[in-house]
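A.B. asks: Residue numbers (this note's numbering), protein chains in the order written: chain W, 1 to 173; chain P, 1001 to 1174.
Fair warning: there could be bad hints in the mix.
Cross-link-like lysine-lysine pairs, in silico, BS3-like; alpha carbons within 30 Å at most [as the list claims (entries may be wrong)]:
| # | chain 1 | residue 1 | chain 2 | residue 2 |
| --- | --- | --- | --- | --- |
| 1 | W | Lys20 | W | Lys92 |
| 2 | W | Lys143 | W | Lys164 |
| 3 | P | Lys1113 | P | Lys1068 |
| 4 | W | Lys92 | W | Lys155 |
| 5 | W | Lys51 | P | Lys1008 |
| 6 | P | Lys1008 | W | Lys164 |
| 7 | W | Lys155 | W | Lys143 |
| 8 | W | Lys143 | P | Lys1068 |
| 9 | W | Lys155 | P | Lys1068 |
| 10 | W | Lys92 | W | Lys148 |
| 11 | P | Lys1113 | W | Lys20 |
| 12 | W | Lys164 | W | Lys148 |
| 13 | W | Lys92 | P | Lys1068 |
| 14 | P | Lys1113 | P | Lys1015 |
| 15 | W | Lys143 | W | Lys92 |
| 16 | W | Lys148 | P | Lys1008 |
| 17 | W | Lys20 | W | Lys51 |
Looking from chain P toward chain W, a few residues come up when the C-beta cut is under 10 Å (computed) [said to hold, decoys possible]:
| # | residue |
| --- | --- |
| 18 | Gly1047 |
| 19 | Cys1096 |
| 20 | Tyr1102 |
| 21 | Phe1148 |
The hints are simulated quantities; they were obtained by calculation from the structure and are not laboratory data. The beta-carbon is built from N, C-alpha and C at its ideal position, and this holds for glycine as well.
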Amino acid sequence: MATWYMLTVIGQDRIGIVAKITTTLYQQGCNLGEASMLRLGGNFTIMLMVKSEQSMSQIEQGLQTIINELELNLHLTQIDANLHQHHLPNIKITVSGEDHLGIVAQVTSLLADHQVNIVDLESDVAGTENSPIYIMRIDGIAKGDYAKLQQALNKLQSQGIIAKVQAIDTLIG
Amino acid sequence: MTILNILKYPNPELKQISTPVTDFDSQLDHFIQDLEQTRQHGPAAVGIAAPQVGCFQRIIIIDVSSRKNTHNHGHLILINPEITEWDGYVIGREGCLSVPDYTGNVIRAETIKLQALDPNGQTLEFTMQGFEARALQHELDHLDGLLFIDRLVSRRTDLFQRQPKKSKKSKTSK
Ligand SMILES: [Zn+2]
Chain W
1 MATWYMLTVI GQDRIGIVAK ITTTLYQQGC NLGEASMLRL GGNFTIMLMV
51 KSEQSMSQIE QGLQTIINEL ELNLHLTQID ANLHQHHLPN IKITVSGEDH
101 LGIVAQVTSL LADHQVNIVD LESDVAGTEN SPIYIMRIDG IAKGDYAKLQ
151 QALNKLQSQG IIAKVQAIDT LIG
Chain P
1001 MTILNILKYP NPELKQISTP VTDFDSQLDH FIQDLEQTRQ HGPAAVGIAA
1051 PQVGCFQRII IIDVSSRKNT HNHGHLILIN PEITEWDGYV IGREGCLSVP
1101 DYTGNVIRAE TIKLQALDPN GQTLEFTMQG FEARALQHEL DHLDGLLFID
1151 RLVSRRTDLF QRQPKKSKKS KTSK
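Turn these sequences into a full structure, and let the hints guide you.
C.D. replies: Written as structure tokens, this is what we have:
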């Protein structure tokens, strides 16, 4: 019986990582599900749902040549796929500020306090090495009114953190 | 009235370009009633286009009036719609009756001017903005064989393009 795994791959960014990994998986007969692949700093990161008849160690063995060649760090874990049940975010929060300790913790703790479920978070360190700025974008699901959440986030302004909540109006047509 | 079957991606028929309506007869009225019934039947759709139910004629229905604080012209049946002016652009999230369980970000004009005919063949003209303009553009795409998944933009694009830019030649009134 086929099993779903989450494959995590991290390595120094270079051309061909995705092609080599996915081609090998394809040759092994693996089926691919949803994925997030992006450059974080100078690293290329892959989170990839993989469905296979093979065991974890068989998949790892199959990828071993590429792992060695591209000096990648790989991790596999068994998961429940739960496909076809995307949760639709209804708010987005944009956060920016001078990069300092605790921005993510403070913002996300407020979100948790207000029962916001994060479905997507991406953050970048922008600016320069001497004056870095932190930019974060979160898509979430809020229950009910988000005015109180905005009020709570406004208190972070004293620390130079600007966080703005906006409704996501998804159009279905 | 009948609830019609919605064509789902990757049905190649969704890529077909629809032809203008020429006969404003009782058959058209009947079809519009079925189309509206079908729109209301599914998950809360603010619009529907005839090709989504396998009728390749330039007919759409949009209605964003149920949304709070949304500029709108009520329930609209638009035959042979054509956009005559565009202004500004804005990113928003869309989904589609023909693409279940997926939503994504798409860039659309913020304000549009539109010409169309009503079910009796009389000329209509509207200036639409925001959500209503987005709904119109989404449905008009269906008439040209396009889906919103043909127009997806990166989530990260949003960071840099959130403020809609105004074109200097803008003639649209707000
Ligand atoms: Zn659609």
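A.B. asks: Decide, hint by hint, whether the structure agrees.
C.D. replies: To see whether the hints hold, each was checked on the structure:
1. For the proposed pair Lys20 of chain W and Lys92 of chain W, the alpha carbon gap of about 35 Å is over 30 Å, so the pair is violated.
2. Taking the CA atoms of Lys143 of chain W and Lys164 of chain W, the gap is near 17 Å; set against the 30 Å cutoff, the hint holds.
3. For the given pair, Lys1113 of chain P sits about 22 Å from Lys1068 of chain P by alpha-carbon distance, which is consistent with the 30 Å threshold.
4. The hinted pair formed by Lys92 of chain W and Lys155 of chain W meets the criterion: a straight-line CA distance of about 18 Å does not exceed 30 Å.
5. For the hint linking Lys51 of chain W to Lys1008 of chain P, the alpha-carbon distance of about 25 Å falls within 30 Å, and the restraint holds.
6. Between Lys1008 of chain P and Lys164 of chain W, the direct Cα distance comes to roughly 36 Å. Violation of the 30 Å bound is thereby established for this hinted pair.
7. Taking the CA atoms of Lys155 of chain W and Lys143 of chain W, the gap is about 21 Å. The hint holds against a cut of 30 Å.
8. A distance of roughly 17 Å separates the Cα atoms of Lys143 of chain W and Lys1068 of chain P; the hinted pair therefore holds under the 30 Å criterion.
9. Of the supplied pair hints, the one linking Lys155 of chain W and Lys1068 of chain P holds, its CA atoms being roughly 28 Å apart against a limit of 30 Å.
10. Using a Cα cut-off of 30 Å, the hinted pair Lys92 of chain W and Lys148 of chain W holds, with the two alpha carbons roughly 15 Å apart.
11. Among the hinted pairs, Lys1113 of chain P with Lys20 of chain W is inconsistent with the structure: their alpha-carbon atoms are about 49 Å apart, more than 30 Å.
12. Proposed proximity of Lys164 of chain W and Lys148 of chain W is supported: the alpha carbons are some 12 Å apart, at most 30 Å.
13. Among the hinted pairs, Lys92 of chain W with Lys1068 of chain P is consistent with the structure: their alpha-carbon atoms are about 18 Å apart, no more than 30 Å.
14. Taking the CA atoms of Lys1113 of chain P and Lys1015 of chain P, the gap is near 25 Å; set against the 30 Å cutoff, the hint holds.
15. A distance of roughly 13 Å separates the Cα atoms of Lys143 of chain W and Lys92 of chain W; the hinted pair therefore holds under the 30 Å criterion.
16. Restraint check for Lys148 of chain W and Lys1008 of chain P: the C-alpha separation of about 40 Å exceeds 30 Å, so the hint is violated.
17. Between Lys20 of chain W and Lys51 of chain W the CA atoms are separated by roughly 17 Å; this keeps the pair inside 30 Å, and the hint holds.
18. At its closest, the beta carbon of Gly1047 of chain P sits 4 Å from a beta carbon of chain W; the interface hint therefore holds under the 10 Å criterion.
19. Hint on Cys1096 of chain P holds. Least Cβ distance to chain W is approximately 6 Å, under the 10 Å limit.
20. Among the interface hints, the one on Tyr1102 of chain P holds; its C-beta lies about 7 Å from the nearest C-beta in chain W, closer than the 10 Å criterion.
21. Taken as an interface hint, Phe1148 of chain P checks out: its beta carbon lies about 8 Å from the nearest beta carbon of chain W, inside 10 Å.
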